[in-house]
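Taken in order, these protein sequences are the chains called A and B.
Taking the numbering used here, the leading residue of the first sequence gets 1, the next gets one more, and so forth.
Taking the numbering used here, the leading residue of the second sequence gets 1, the next gets one more, and so forth.
Keep in mind the hints are simulated off the structure, nothing from the lab.
Values in this document were obtained by computation on a predicted structure and should not be read as measured data.
Quick reminder that beta carbons are idealized off the backbone N, C-alpha and C, glycines included.
Far from chain A by the CB rule (all over 12 Å, computed), these chain B residues: (1) Gly29; (2) Pro176; (3) Arg177; (4) Gly178; (5) Thr179; (6) Ser182; (7) Arg186.
Going by beta-carbon spacing under 7 Å, a handful of chain A positions derived as facing chain B: (8) Met10; (9) Ala14; (10) Ala21; (11) His25; (12) Ala28.
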Amino acid sequence: MNNRRIAELMREPAPGEREAAERGHELARAAFAERPARTSSRLPIAPAAALAAIVAVVVAVALTPAGGAIAKLVRESLGDPVDGERPAKPALTSLPSGGELLVVSERGPWVVHADGSQRLLGAYDDASWSPSGRYVVATDGRQLVALTPTGEPRWSLSRLAPVSGARWSPFPGYRVAYLSGRSLRVVAGDGTEDSLEARGVAAVAPAWRPVDAESVSSEGEHVLAFADRSGQVEVRDTDSGRTLWRSGAGDEPVQLTWSPDANRLLAVGRRSVRIFDGDGRLLATVSLPAGLAAEAVVGARTAPGEADPRVADFAASGHEFALIRASRTAAQSEVVLLEAERRPGRPHELFTGPGSFSGLLWSEDGSSLVVGWPSADQLVFLRPDRPRRVTAVSNVARQFDPGGGADAAFPRISDWCCSP
Amino acid sequence: MTPSATSGAAATPGAAAHVMPRLSRQAHGSLRRAKAGSVADFDALFSAHWPQAYRAAYLIAHDAAAAEDIAQEAFIAAIRALDRFDRRRPFGPWLHRIVVNRAIDWTRTRALRREAGGDVEEQRELAALPQEPTRPYSDELVRALSKLSTEHRAVVVLRHLLEYTPGEIARLLDLPRGTVNSRLRRALDQLEAELGEERR
Numbered sequence: 001m002n003n004r005r006i007a008e009l010m011r012e013p014a015p016g017e018r019e020a021a022e023r024g025h026e027l028a029r030a031a032f033a034e035r036p037a038r039t040s041s042r043l044p045i046a047p048a049a050a051l052a053a054i055v056a057v058v059v060a061v062a063l064t065p066a067g068g069a070i071a072k073l074v075r076e077s078l079g080d081p082v083d084g085e086r087p088a089k090p091a092l093t094s095l096p097s098g099g100e101l102l103v104v105s106e107r108g109p110w111v112v113h114a115d116g117s118q119r120l121l122g123a124y125d126d127a128s129w130s131p132s133g134r135y136v137v138a139t140d141g142r143q144l145v146a147l148t149p150t151g152e153p154r155w156s157l158s159r160l161a162p163v164s165g166a167r168w169s170p171f172p173g174y175r176v177a178y179l180s181g182r183s184l185r186v187v188a189g190d191g192t193e194d195s196l197e198a199r200g201v202a203a204v205a206p207a208w209r210p211v212d213a214e215s216v217s218s219e220g221e222h223v224l225a226f227a228d229r230s231g232q233v234e235v236r237d238t239d240s241g242r243t244l245w246r247s248g249a250g251d252e253p254v255q256l257t258w259s260p261d262a263n264r265l266l267a268v269g270r271r272s273v274r275i276f277d278g279d280g281r282l283l284a285t286v287s288l289p290a291g292l293a294a295e296a297v298v299g300a301r302t303a304p305g306e307a308d309p310r311v312a313d314f315a316a317s318g319h320e321f322a323l324i325r326a327s328r329t330a331a332q333s334e335v336v337l338l339e340a341e342r343r344p345g346r347p348h349e350l351f352t353g354p355g356s357f358s359g360l361l362w363s364e365d366g367s368s369l370v371v372g373w374p375s376a377d378q379l380v381f382l383r384p385d386r387p388r389r390v391t392a393v394s395n396v397a398r399q400f401d402p403g404g405g406a407d408a409a410f411p412r413i414s415d416w417c418c419s420p
Numbered sequence: 001m002t003p004s005a006t007s008g009a010a011a012t013p014g015a016a017a018h019v020m021p022r023l024s025r026q027a028h029g030s031l032r033r034a035k036a037g038s039v040a041d042f043d044a045l046f047s048a049h050w051p052q053a054y055r056a057a058y059l060i061a062h063d064a065a066a067a068e069d070i071a072q073e074a075f076i077a078a079i080r081a082l083d084r085f086d087r088r089r090p091f092g093p094w095l096h097r098i099v100v101n102r103a104i105d106w107t108r109t110r111a112l113r114r115e116a117g118g119d120v121e122e123q124r125e126l127a128a129l130p131q132e133p134t135r136p137y138s139d140e141l142v143r144a145l146s147k148l149s150t151e152h153r154a155v156v157v158l159r160h161l162l163e164y165t166p167g168e169i170a171r172l173l174d175l176p177r178g179t180v181n182s183r184l185r186r187a188l189d190q191l192e193a194e195l196g197e198e199r200r
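Chain A extracted, bound-state conformation:
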């Protein structure tokens, strides 16, 4: 046997190669077509469009109550008087930073496209994106379902206990972690090889450690953070089953969130936020002062499968994170920015409004932050780098529960994927 013979054998077509090529080509073509149009300095159209967008934002002025709050924000935050009051758009007609937003209403999860068009995926309790945005993983009672963004189920799993907190692993998305009752489980991205990871875990969605898609390595890419009911946070390599670190007990987390560089992990409790570094060292505990506890945002879990709103989220780079704080009576809520460092610094107020906020999310490119504001029936899009760029959208409850009338409940913003 010589090298040439081996090479000859390898050049034979593999089984299924032709059919796989057809399917792969179709997918690749679609992905290629979805690439954002390239801008060119030779074309004056792009700057003109950008200018038009800026003008549209500046010109939009109206007199809604929430608009008043935004004007107040601008006045208070910038010390810059605003003539008139900024409007709330009557409907969500576009996403300021593009991408695709998942919003979960009582009807189920909706995909909101960059142009504001939206599609109901079905009667599911919760949903989140796969890393490339090609699939959505949804939960429905005791079922875990993988869907296309058009709502077509691709695979499903049924369990005896209610399913919640499903999260797809980062690129290339070969795992899905989820809770089944108080068990943490992991299933391959194609719905096979479901396995138990841990029992007796806290009712908090597990969080996959981010990976750098450009430096793909064959190891250490399926690392998961989860917590138990004593508030211990554990980080485990789910491929080897090896525990990388485990924290001490603490405030039981309602949310676990990694920084994009995987060097920080937030364990957001009802009364405090613990900041860990990538090796599990507790860097700081941010106590939420009385009257500003996350508890007021999260509230009591009312039904199995119902997900908590996201209280904190990291920006696209660095260790800065946004956090919702609310008074226990929900008379006022605020979004603040903090640094996930040993000294998190003084909270930088970004947005304050009457009533309660129900969750926040950064866009994938880190340029925008969306905040749910049920008291005003609005979604508020903030541009932290440009505080004047505040866009509010009203009539949110009805928009995601058409026909629901006055009884329509405010939806929960769940996930924001794949900015161009």
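Mind docking chain B on chain A? Use the hints.
Chain B only, in chain A's frame:
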């Protein structure tokens, strides 16, 4: 297609960026025009790279469904990064690096899960999904390759299917060159023995 005609240097940051370029003028043009939005040139790139990506994944993972997923994911990743490619360098090695590492990862994970076994109670809960049966690629080759470790299969595929030099393989897999050489030597010795057995 001759692999060396279209595959070559890495296009994106990372270790693969140091692989020596072997980009033909035609492939260079296709890449440039695809970046500019030409569907026809994108199709040409796909046609040029798909068979190798799929075969490499298949020969390492020995599973057609996994090979298809791995090749698809690699292409989607490449498309998403297309605008960031240095156009003087083709995306072949970058694509192959993802494919091979993913295939190794998939194979190791499958082995781990098999070793760990399943929780009987939980397995009972699982609604089993039908799986597509796979048939052999080439009985002679697949049987022989299956006797090799995943790491040894990977270097053989990179050397003899994708036609990288040992130095390039070392950079693609972040391994010392000596390790690549020794893995290749042992793998070929074992393959020769296995294929010899087949004939007898």
